[in-house]
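2 protein chains.
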Amino acid sequence: MSDATVDYRPMWRELGMDLEAHDPLLAAIPQLYADAYLNQKDRPEGMAYFDFVMSEIHGLRIKELQDHRAAGGTVIGTFCVYVPEEIIRALGGLSVGLCAGAEWAYDQVEHLLPRTTCALVKSAMGFKLGRVCPYVESADLVVGETTCDGKKKAYELFGELAPVYVMELPQMKRPQDLELWRGELDRLVAKLEEISGRTLTFEALQRATKEVNDKRRALQRLNAARAATPLPISGKDALLAVQVAFYDDVPRFTQMVNAIAAELEQRVAEGRGVAPASAPRVLVTGSPMSIPNWKVHDLVEKAGGVVVAEELCTGSRYYEKLVAEDATTVEGLLDDIAEKYLDINCACFTPNPGRIDDVLRLAEEHAADGILHYALQFCAPYQIEATSVERAAEKARLPVLRVDTDYSMEDVGQLGTRIEAFLEMLAH
Amino acid sequence: MSDATVDYRPMWRELGMDLEAHDPLLAAIPQLYADAYLNQKDRPEGMAYFDFVMSEIHGLRIKELQDHRAAGGTVIGTFCVYVPEEIIRALGGLSVGLCAGAEWAYDQVEHLLPRTTCALVKSAMGFKLGRVCPYVESADLVVGETTCDGKKKAYELFGELAPVYVMELPQMKRPQDLELWRGELDRLVAKLEEISGRTLTFEALQRATKEVNDKRRALQRLNAARAATPLPISGKDALLAVQVAFYDDVPRFTQMVNAIAAELEQRVAEGRGVAPASAPRVLVTGSPMSIPNWKVHDLVEKAGGVVVAEELCTGSRYYEKLVAEDATTVEGLLDDIAEKYLDINCACFTPNPGRIDDVLRLAEEHAADGILHYALQFCAPYQIEATSVERAAEKARLPVLRVDTDYSMEDVGQLGTRIEAFLEMLAH
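Protein chains in written order, with numbering that gives the first Met the number 0: chain A, 0 to 427; chain B, 0 to 427.
No wet-lab data here; the hints were simulated from the structure. Some clues are possibly wrong.
Unchecked claim - With a straight-line Cα cutoff of 20 Å, these simulated SDA-like cross-link-like pairs (lysine to any residue) come out:
no.: 1; chain 1: A; residue 1: 394; chain 2: A; residue 2: 366
no.: 2; chain 1: B; residue 1: 172; chain 2: B; residue 2: 317
no.: 3; chain 1: B; residue 1: 172; chain 2: A; residue 2: 156
no.: 4; chain 1: A; residue 1: 320; chain 2: A; residue 2: 275
no.: 5; chain 1: A; residue 1: 172; chain 2: B; residue 2: 184
no.: 6; chain 1: B; residue 1: 172; chain 2: A; residue 2: 175
no.: 7; chain 1: A; residue 1: 301; chain 2: A; residue 2: 110
no.: 8; chain 1: B; residue 1: 190; chain 2: A; residue 2: 176
no.: 9; chain 1: B; residue 1: 394; chain 2: A; residue 2: 110
no.: 10; chain 1: B; residue 1: 190; chain 2: A; residue 2: 173
no.: 11; chain 1: A; residue 1: 172; chain 2: B; residue 2: 185
no.: 12; chain 1: A; residue 1: 172; chain 2: B; residue 2: 164
no.: 13; chain 1: A; residue 1: 190; chain 2: B; residue 2: 350
no.: 14; chain 1: A; residue 1: 40; chain 2: A; residue 2: 209
no.: 15; chain 1: B; residue 1: 172; chain 2: A; residue 2: 181
no.: 16; chain 1: B; residue 1: 394; chain 2: A; residue 2: 159
no.: 17; chain 1: A; residue 1: 190; chain 2: B; residue 2: 176
no.: 18; chain 1: A; residue 1: 172; chain 2: B; residue 2: 158
no.: 19; chain 1: A; residue 1: 190; chain 2: B; residue 2: 171
no.: 20; chain 1: A; residue 1: 172; chain 2: B; residue 2: 176
no.: 21; chain 1: B; residue 1: 190; chain 2: B; residue 2: 158
no.: 22; chain 1: A; residue 1: 172; chain 2: B; residue 2: 163
no.: 23; chain 1: A; residue 1: 172; chain 2: B; residue 2: 48
no.: 24; chain 1: B; residue 1: 62; chain 2: B; residue 2: 48
no.: 25; chain 1: B; residue 1: 190; chain 2: B; residue 2: 174
no.: 26; chain 1: A; residue 1: 209; chain 2: A; residue 2: 198
no.: 27; chain 1: B; residue 1: 40; chain 2: B; residue 2: 276
no.: 28; chain 1: B; residue 1: 190; chain 2: A; residue 2: 174
no.: 29; chain 1: A; residue 1: 172; chain 2: B; residue 2: 199
no.: 30; chain 1: B; residue 1: 301; chain 2: B; residue 2: 369
no.: 31; chain 1: B; residue 1: 209; chain 2: B; residue 2: 199
no.: 32; chain 1: A; residue 1: 172; chain 2: B; residue 2: 155
Said to hold, decoys possible - Ranges between beta-carbon positions, derived for each pair:
no.: 33; chain 1: B; residue 1: 13; chain 2: A; residue 2: 158; range: 48 to 58 Å
no.: 34; chain 1: A; residue 1: 331; chain 2: B; residue 2: 66; range: 51 to 61 Å
no.: 35; chain 1: A; residue 1: 264; chain 2: B; residue 2: 106; range: 50 to 60 Å
What the hints assert, rightly or not - Far from chain B by the CB rule (all over 10 Å, computed), these chain A residues:
no.: 36; residue: 25
no.: 37; residue: 36
no.: 38; residue: 148
no.: 39; residue: 152
no.: 40; residue: 272
We put the CB at the ideal spot given by N, CA and C, even for glycine.
Using the sequences provided together with the hints, build the complete structure.
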């Protein structure tokens, strides 16, 4: 899918990738993408940027990462919204989300991890074992976290395959937890200073904070347009924007997303949509969705519904909260970063009432008719919290469909039938 | 199974239990116990105490708990070795492990928790939903912890059925984690002071520390005898002692276990065992085993092997480490309690090299021929850590059998076959 004029194979070879395995993987993406994305009617023109990004997903962006490293910068791989991109950037790093959205090398993975591990963790391990993810192969360091049992324990084994540093995310949000978490930022700074050979400065951290906030503001603006009826952009396209946010160049991404947002605002003013005003409006909440995991959105939208918001790590949890920008010292900025990140409402916290509030608020803001609770199989935090979300939603008279699934396509038929029935119910 | 002269039904009714469901449950235990325990040849005479305890498991001990409450004391339910019994006792509480060892009311449980939740958590929830555990019905408070995703999130729902207080166990063991954990003890003290109406004193905490240490010392002594060949007590009996330690009266239990230990020391001196000296010696490590979960031990020992040690929460993790007794202030004692508990090597920590060391050390001390890694299905921490345990054991030339199972008896045939093959290999 890469530009015909550029041969990235020498670069991939240099990264130690398994080209024989990577070729068919990369060849499969255009078809997947075309099926899910390119057949959509009346897409915003600005989405052409994401078509390009996807066509260069293992190409141009990887080349940029190599150029960045050649110029003395670092590449830091992450799997989670809790790893502060501001700090990485301020120390000359580029933060990239690692491949974790498709089944790969599960036969090898299941020698290390139980079969009953969630697809996200198995996929991440599979892409590394199979040497087919150029992002992880480009990473000077992978920064993990203790958000769930699966990731926490899998990082121990992942650390034998790649350089891994784990941050301890606390499990509650009290002052003493914020204190522990604030200390984790100091330790991350020390670790990144060590591998980058740089020293954190106020100016660099302030600039990075502003840049990452701008990225979040652009996504907020794009997503605000999804409150409109008819919907000016498909849920799938909006999801893709957040998925790409994890690894794209920050200022360029911000600019492109702002352009799309402007286009959407124009559409809203004109009452122009990608689906009829009568299309049932669904809010999706639950486990993260990594590229190319578009399964649920695709099923909803092909069945005539529209996804109007994602209360996901690849959704509102990624962009809704900003870091305060008025601190005047490094310490002050780090305090604000610690506070903002701990304020994200992941199901790894106990209790986690903030997520319920977020779901209900987003449902209201986006005029959702119903809620699709999506959990990866074996993702205990989201699967168990689904019970509380369902109760709260039903109290608010919002119907809920619970979908527990993985990355395989085996359940697509059955899932599609359930989703169709749910949409039909919402339409009445 | 209760003494024919005592009718406990009025007590159970007063506790709000479902007698119609409880009668058949309680009626099933004697048969289970007889099959696993009473057919064993040449058991230590002291085990008669445990036969009695088991015959009164929902009877006399529950009566004692009610008498204790009537006299102004409290009953505190727990599911985990990290909840400090010293503090509970020092504030007039009796610490009791809650029912979590058998399948019960899973149909109701699966309305709240995913089917893919470990048996321990499902069982605990089922016993509560079904109102058939007199321990939880006697509890003034259940003290939970954040040891795994399953428990952490299930406590949120459990808290709607019973009064629950959750302690945050950190996920690493660095100084800052000890600090957080130390603070958790202060908060637990405050919570228990509130519900008991008492104030923690140095004398009470010192006495409780000594009593609980004495219990651990007795178990250490009993288990030390299991280093001998031939083995003077079955693994099943030794496991039962630790299982009962979670809820029995502390001084009585200590006295009885010391008596058994003395008997075992006599047996060792005489070279008398419960199995031939040639019986393959197995160390069991992994997830906890609650009463009446004797499945793995039963299979090993009925197949001609012996279990010589348990690196389990219902094993060495429960009794190996003592709290220092020389502190002269409440604060000092709490510091020592915090340190001792954080030093337990549960798979919930990352990394957790201490557990590997414990397994290898115990295997050596108890002359184990092989290791049986036992994990409850969907118990991600132990299932994933099994890979590291297996590698370390194999490096030490200790064969490993990995068993992932639950509380059903459906896999007993297949498991038995695998265990027989493993023992046969160890014998050669």
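To see whether the hints hold, each was checked on the structure:
Note on residue 394 of chain A and residue 366 of chain A: the hinted pairing holds, with a Cα-Cα distance of about 16 Å set against a maximum of 20 Å. Of the supplied pair hints, the one linking residue 172 of chain B and residue 317 of chain B holds, its CA atoms being roughly 18 Å apart against a limit of 20 Å. Using a Cα cut-off of 20 Å, the hinted pair residue 172 of chain B and residue 156 of chain A holds, with the two alpha carbons roughly 19 Å apart. At most 20 Å may separate the alpha-carbon atoms for a hinted pair to count; residue 320 of chain A and residue 275 of chain A exceed this at roughly 31 Å.
For the suggested pair residue 172 of chain A and residue 184 of chain B, the alpha carbons sit about 17 Å apart, so the restraint of at most 20 Å is met. About 16 Å separates the Cα atoms of residue 172 of chain B and residue 175 of chain A, which keeps this hinted pair within 20 Å; it holds. Under the criterion of a C-alpha separation no larger than 20 Å, the hint pairing residue 301 of chain A with residue 110 of chain A is inconsistent with the structure, at around 37 Å. Distance hint between residue 190 of chain B and residue 176 of chain A is fulfilled; the C-alpha atoms sit about 19 Å from each other, no more than 20 Å.
Between the alpha carbons of residue 394 of chain B and residue 110 of chain A the distance comes to roughly 17 Å, so the proposed pair stays at or under 20 Å and holds. With a C-alpha separation of about 16 Å, the suggested pair residue 190 of chain B and residue 173 of chain A falls inside the 20 Å cut-off, and the hint holds. For the suggested pair residue 172 of chain A and residue 185 of chain B, the alpha carbons sit about 17 Å apart, so the restraint of at most 20 Å is met. A distance of roughly 15 Å separates the Cα atoms of residue 172 of chain A and residue 164 of chain B; the hinted pair therefore holds under the 20 Å criterion.
The straight-line distance between the Cα atoms of residue 190 of chain A and residue 350 of chain B is roughly 18 Å, inside the 20 Å bound, and the hint therefore holds. Of the supplied pair hints, the one linking residue 40 of chain A and residue 209 of chain A is violated, its CA atoms being roughly 35 Å apart against a limit of 20 Å. In summary, the hint linking residue 172 of chain B to residue 181 of chain A is supported, as the alpha carbons are separated by about 17 Å, within the 20 Å threshold. At most 20 Å may separate the alpha-carbon atoms for a hinted pair to count; residue 394 of chain B and residue 159 of chain A meet this at roughly 17 Å.
Between residue 190 of chain A and residue 176 of chain B, the direct Cα distance comes to roughly 19 Å. Compliance with the 20 Å bound is thereby established for this hinted pair. In summary, the hint linking residue 172 of chain A to residue 158 of chain B is supported, as the alpha carbons are separated by about 18 Å, within the 20 Å threshold. Only pairs whose Cα atoms come within 20 Å are accepted, and residue 190 of chain A paired with residue 171 of chain B is accepted, the gap being roughly 17 Å. The suggested pairing of residue 172 of chain A with residue 176 of chain B holds, with an alpha-carbon distance near 15 Å, which does not exceed 20 Å.
Straight-line distance between C-alpha atoms of residue 190 of chain B and residue 158 of chain B comes to about 15 Å, which keeps the hinted pair within the 20 Å bound. A threshold of 20 Å between alpha carbons decides the hint, and for residue 172 of chain A with residue 163 of chain B the separation of about 18 Å falls inside it, so the pair holds. Proposed proximity of residue 172 of chain A and residue 48 of chain B is contradicted: the alpha carbons are some 46 Å apart, above 20 Å. Proximity of residue 62 of chain B to residue 48 of chain B is assessed by CA-CA distance (about 18 Å); at most 20 Å being required, the pair is judged to hold.
For a cut-off of 20 Å, the pair hint linking residue 190 of chain B to residue 174 of chain B is broken: about 24 Å separates their Cα positions. For the suggested pair residue 209 of chain A and residue 198 of chain A, the alpha carbons sit about 19 Å apart, so the restraint of at most 20 Å is met. For the hint pairing residue 40 of chain B with residue 276 of chain B, the CA-to-CA distance comes to about 15 Å; that is within 20 Å, so the pair holds. Taking the CA atoms of residue 190 of chain B and residue 174 of chain A, the gap is about 18 Å. The hint holds against a cut of 20 Å.
Between residue 172 of chain A and residue 199 of chain B, the direct Cα distance comes to roughly 27 Å. Violation of the 20 Å bound is thereby established for this hinted pair. Simply put, residue 301 of chain B and residue 369 of chain B have alpha-carbon atoms about 17 Å apart, close enough for the 20 Å limit, and the pair holds. In summary, the hint linking residue 209 of chain B to residue 199 of chain B is supported, as the alpha carbons are separated by about 16 Å, within the 20 Å threshold. This hinted pair checks out: residue 172 of chain A and residue 155 of chain B have alpha carbons roughly 15 Å apart, not beyond 20 Å.
At about 54 Å, the beta-carbon gap between residue 13 of chain B and residue 158 of chain A stays in the expected band of 48 to 58 Å. Between residue 331 of chain A and residue 66 of chain B the C-beta distance comes to about 58 Å, which sits within the given range of 51 to 61 Å. For residue 264 of chain A and residue 106 of chain B, the Cβ-Cβ distance of about 51 Å falls inside the hinted range of 50 to 60 Å, so the restraint holds. With 10 Å as the threshold on Cβ separation, the claim that residue 25 of chain A sits away from chain B holds: the shortest Cβ distance comes to roughly 30 Å.
Distance check on residue 36 of chain A: its Cβ is at least 31 Å (rounded) from any Cβ of chain B, clearing the 10 Å threshold; non-interface status holds. Chain B draws residue 148 of chain A into its interface by the beta-carbon criterion, the shortest separation being 4 Å against a cut-off of 10 Å. Against chain B, the non-interface label of residue 152 of chain A is violated: not every CB pair exceeds 10 Å, the least being about 4 Å. With a closest Cβ-Cβ approach of about 36 Å to chain B, residue 272 of chain A is found to remain outside the 10 Å limit, as its non-interface label requires.
Violated hints, in rising order: 4, 7, 14, 23, 25, 29, 38, 39; the structure is consistent with all others.
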